[in-house]
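Student: Residues per chain are reported as follows:
Protein chains: 4
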Amino acid sequence: MKTAAIVGASGYTGRELLRLLAQHPHLRASVVMTARPGATPEAPTFPNDPTIDALDLERLRAVDGVFLCTPHGAASEIARAALAMGKQVVDLSADFRLRDPQVYARTYGSAHPAPELLQQAVYGLTEHARAAVQGARLVANPGCYPTSVLLPVLPLLQNGLLQKGAPIIADSKSGTSGAGKAPSERTHFGSVHENFCAYGVGTHRHAPEIQQELGVEGLVFTPHLLPVFRGILSTIYVTPAAGVTVAAIRECLQARYAQEPFVKVYSKGLPELSCVQRTNQCHIATAGSGPLVVLVAAIDNLVKGASGQALQNMNLMLSLPETAGLQEGLS
Amino acid sequence: MKTAAIVGASGYTGRELLRLLAQHPHLRASVVMTARPGATPEAPTFPNDPTIDALDLERLRAVDGVFLCTPHGAASEIARAALAMGKQVVDLSADFRLRDPQVYARTYGSAHPAPELLQQAVYGLTEHARAAVQGARLVANPGCYPTSVLLPVLPLLQNGLLQKGAPIIADSKSGTSGAGKAPSERTHFGSVHENFCAYGVGTHRHAPEIQQELGVEGLVFTPHLLPVFRGILSTIYVTPAAGVTVAAIRECLQARYAQEPFVKVYSKGLPELSCVQRTNQCHIATAGSGPLVVLVAAIDNLVKGASGQALQNMNLMLSLPETAGLQEGLS
Amino acid sequence: MKTAAIVGASGYTGRELLRLLAQHPHLRASVVMTARPGATPEAPTFPNDPTIDALDLERLRAVDGVFLCTPHGAASEIARAALAMGKQVVDLSADFRLRDPQVYARTYGSAHPAPELLQQAVYGLTEHARAAVQGARLVANPGCYPTSVLLPVLPLLQNGLLQKGAPIIADSKSGTSGAGKAPSERTHFGSVHENFCAYGVGTHRHAPEIQQELGVEGLVFTPHLLPVFRGILSTIYVTPAAGVTVAAIRECLQARYAQEPFVKVYSKGLPELSCVQRTNQCHIATAGSGPLVVLVAAIDNLVKGASGQALQNMNLMLSLPETAGLQEGLS
Amino acid sequence: MKTAAIVGASGYTGRELLRLLAQHPHLRASVVMTARPGATPEAPTFPNDPTIDALDLERLRAVDGVFLCTPHGAASEIARAALAMGKQVVDLSADFRLRDPQVYARTYGSAHPAPELLQQAVYGLTEHARAAVQGARLVANPGCYPTSVLLPVLPLLQNGLLQKGAPIIADSKSGTSGAGKAPSERTHFGSVHENFCAYGVGTHRHAPEIQQELGVEGLVFTPHLLPVFRGILSTIYVTPAAGVTVAAIRECLQARYAQEPFVKVYSKGLPELSCVQRTNQCHIATAGSGPLVVLVAAIDNLVKGASGQALQNMNLMLSLPETAGLQEGLS
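Chains as they are written, first to last, in this note's numbering: chain A, 1 to 331; chain B, 1 to 331; chain C, 1 to 331; chain D, 1 to 331.
Bound conformation, chain A alone (with noise of 0.2 Å):
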């Protein structure tokens, strides 16, 4: 049995890495802390929830692997600390995502925390980073809007399949989860409960993201907040390439993923959130509209837009079975 510690685990992807953890059969959460310093321990919000104790750098000498689930900016200082100790870290902030500076800087508003961790820092789409993700000392976890686009398009781009030059247009839809767990105007019940609205259209800290992974030029990305708690369904218009088909491009990610245990590539039909929720999944579809093609992509984003992506790296990271914990079965 090996030993995480999860640092801000009174956040929702703390919480949810809880969970996972309680049914790992090969790694356990022995360690559990607010990452706000100074903060006193927190009572647990629900009866079988632990206790979240203070936070105590020290501590983390004692696990194999650290999972940071703290805001974006207050990750980079832990990480510092938890490296200089020899632990493989899984950060599933924004510290690390961008590997340019100055672009999180334009991104994120203030500059970069710890610029000299970047080199090392992976980006942990796992399905197109095992190898390095094993190796990794540093995994910057994908935020979850950018793996809903980046698992569907990333095998098109590879291989050829889109028209060069031409727009990526991701309308991505999420749950209130991934606005966090304090309470705002925003998420705030009455505002959100039999409403839908767009917001930070052409302007979201994940657009970068997105486009940095792309490696083209073109993307529009444009987020919504759906009155659900869990998942991100996000329907991506794509122009193919002269002579390429609906088929051909199905075909495809069929191909690049026939082997993946959390990526499904439908053959018909569509997928809904509630195929998805409380799995690792990345279910996929195809289909053609007028000149374009359509790509609709649903996953939970606290699972695999978030802890459980984040648990299938520091699988690979401490030599477990990448899928262990992540059997969650039906949703």
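It is worth saying that the hints were derived from the structure and are not from the lab.
Below, computed lysine to any residue pairings styled on SDA-like, alpha-carbon distance capped at 20 Å:
no. : chain 1 : residue 1 : chain 2 : residue 2
1   : A       : K181      : A       : T51
2   : B       : K264      : C       : T51
3   : C       : K2        : C       : L320
4   : A       : K164      : B       : Q163
5   : C       : K264      : B       : P44
6   : C       : K268      : D       : Y199
7   : B       : K164      : A       : P240
8   : A       : K268      : B       : E185
9   : D       : K264      : A       : T45
10  : B       : K181      : D       : S184
11  : B       : K268      : A       : T203
12  : B       : K268      : C       : P50
13  : A       : K268      : D       : P44
14  : A       : K181      : C       : S184
15  : D       : K268      : A       : T51
16  : D       : K264      : D       : N159
17  : D       : K181      : B       : E185
18  : C       : K268      : D       : R186
19  : C       : K268      : B       : P44
20  : D       : K164      : C       : T239
21  : D       : K164      : C       : G165
22  : C       : K264      : B       : D49
23  : D       : K268      : A       : N48
24  : D       : K164      : C       : Q163
25  : A       : K164      : B       : P240
26  : A       : K264      : B       : Y199
27  : C       : K268      : B       : F46
DEER-style ranges, computed between Cβ atoms:
no. : chain 1 : residue 1 : chain 2 : residue 2 : range
28  : C       : P291      : A       : P71       : 52 to 62 Å
29  : A       : E185      : D       : S267      : 30 to 40 Å
30  : B       : T203      : C       : G180      : 43 to 53 Å
31  : A       : P71       : B       : E185      : 34 to 44 Å
Far from chain C, some chain D residues (derived; all Cβ distances over 10 Å):
no. : residue
32  : K2
33  : T3
34  : E42
35  : D49
36  : P50
37  : A62
38  : R99
39  : D100
40  : P101
Quick caveat, the model's predicted, so the values are computed rather than measured.
For each residue, glycine too, the CB sits at the ideal point set by N, CA and C.
Once you have looked at the hints, place chains B, C and D on chain A.
Tutor: Structure of chains B, C and D alone, referenced to chain A:
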């Protein structure tokens, strides 16, 4: 006080008309009937609702205008009878929206039930057909999705602001009331709640209607089902012609709709469903995102997308003030 | 046309008053202010909403009536100023509901801020205080839960239909708008959606208010939080006096409220929230169950439970028709 | 590894059993069938779900235990066949819950389909029937509402803590999954969302079941429909015997359930649906309120109220660890 008949009053659009007419200063619902031949009168679902009488076409002789709130296919025969009595008719079904009976047959799966009436039917997107509606005897009330797409896009096409031949992508999200009052697996609470899905990608019946009214090729239309009851939000992606800025697109829309009581073009911010629910408003915002311009349009599918626009049209046909019964104040 | 001021217009009850007054034929909101001293004007949340001005008590001189939509404790000082100007005041906060300042202090945790005004305050459960309200200068608008409990129970006590000394149990369920517009952990979307809970069992602040108005001992009041925005449904369990049947209880209520425009007593069926949402109605049903009689009462907590009843009271105080601005037709 | 059959697997309780068995270390679903004679196999709704085979009673010979997830009335014949094969049967329908066939006939409107089996059926409220369940061949799995009422009330009756003859009032609120998977007007999204209602006051079929198990007169049971999918919260009002305090009632429950893995009695705070969803737990709190004691009990109606308790019973019948497959960690 003029009088109207509502045929098909037991569905959501019929009940919405009752709600609107209850506050109308110049028009009242004097005949309220089911559209199902042979059906017995229905007791009201809610204590304040009127009884819905059995179908009796002869009673239409007594009214000034007739609203048809029937399923598609069922409206034609009633329309024929009402027109023969010299009544003004607004049909909320799809029977008279498509000008070409062959497109109708292809889209709805059976021959058009009244092709001889198609010529006189006016497509009642009020802001773009006001004069024709005023003189019409038969108005085809637009579909809910088409209303949300045509209002923001038509002025851009008419003013040559869009790149010719580029796709026009409408990613539309609707509340469940668009699927009607009859229970189904798709609209079962357990299927909709905490869920979200796309459906009818490349095959939805509203696509030919939008295509017809746009008058250009290249529409890509993807409807989605939201876990809300009222409202449609369409996120629309268009390619500006060379040299056309987002500001130019916004100014075009603002100029076009400056005098319209029911269309509002934002200078900043984005519309949400809650801005338009229970109103006859269409709210539109514009934003640049990469190489494209994003239009966000919100309506209440039961009001501007159905019964409100139907009343707006009937007001014009009966020479009543266009906004009568539709000035609802705050949403 | 008479004029009213709304002080505290940025909350849910203030906005609801704006919505109602927008349709009022004889009263308009000419002064719309925040209740927070020193707060700057607030831009409207929704495009059609008015700007909310900074607090300026001098502006109250110009209006006929004053609505106070403030938190408890904050209304007293403004009420004192408005009364000194000779204005009619309806206070939607809890400041003047409890006649005994010691009960207020025990319930709200601080000394009453204006005990000298308590004597002249009329508890404005309109159907049971019409004459007093007409002559009142200061009306304490009832709480939302109390309105839903008192309307069905008071006539039964007044007519001696209940067994003396037996408990009166009110199991009440409210939408989240009752908790106000300020974000909190309790009303975070992630805390309310797909959840349900009881709270304040035996300790809720509305219990002393209900107890005071019932005038008998033995109230058991349990509030619950529903994942809906609008509405309260109270299920009330009473013990009939010897020989009193369910039919007798129903007939008592029907006789008592037969002439009331805003109370409906069912002969069959049960009210649901959807029967009363967005109306000033209280719907009541009765049923026998074992040894007890069950009363089910439904109101919209923002209308009959707050702003609608406040307007009903203000109409009376300003000698306007009692139902003006409140005849909303279908819900 | 032992094997089980699920007959009636296409409904919510059948699917929930599949979800639970997917994680069970000692029992797997080797036969998954519809319960409708003549029905063809059903493709799975979700990608990970198994196909549901046509009904073939002969296949039951191959399994160790049989779960019947059929509507009431349909289970008896299958139970008879399975018992004749010597199988252990857990029936999740209502067929064997009422010991008196006349009460069954009165409650369900038709003669009991297998009265000869009633004698051997054990009412499987596990914590109160453990020994009998272990030796049973046929277990009648309790209804969802009864489970939420009996667990908190039975120990109080058994220990004489309640005033004899006083009513026991259960005000219960259930998510829509209790009404099953078949679409209906009552469970249409547009009927449930932003709504709440009581139903079956004084007439619900679970009242005779609760009454039978309580063994005393005076039950008052009011079910309500919540706009959530999973969960029941029952607020129960009892009259303590002379001199019995709330603390005594809490201590009684805590002592009774101290060793039970699936019942938790709170020392402070109140259970919410979110504390128990997706777990086999029943959480209970106690509070004084006026002259009565309030018990708040929460379960997941599909787990402890149906499939989870069924599995708990089957584990006992097959001599497996009682908690196997039911230790789900965090909700």
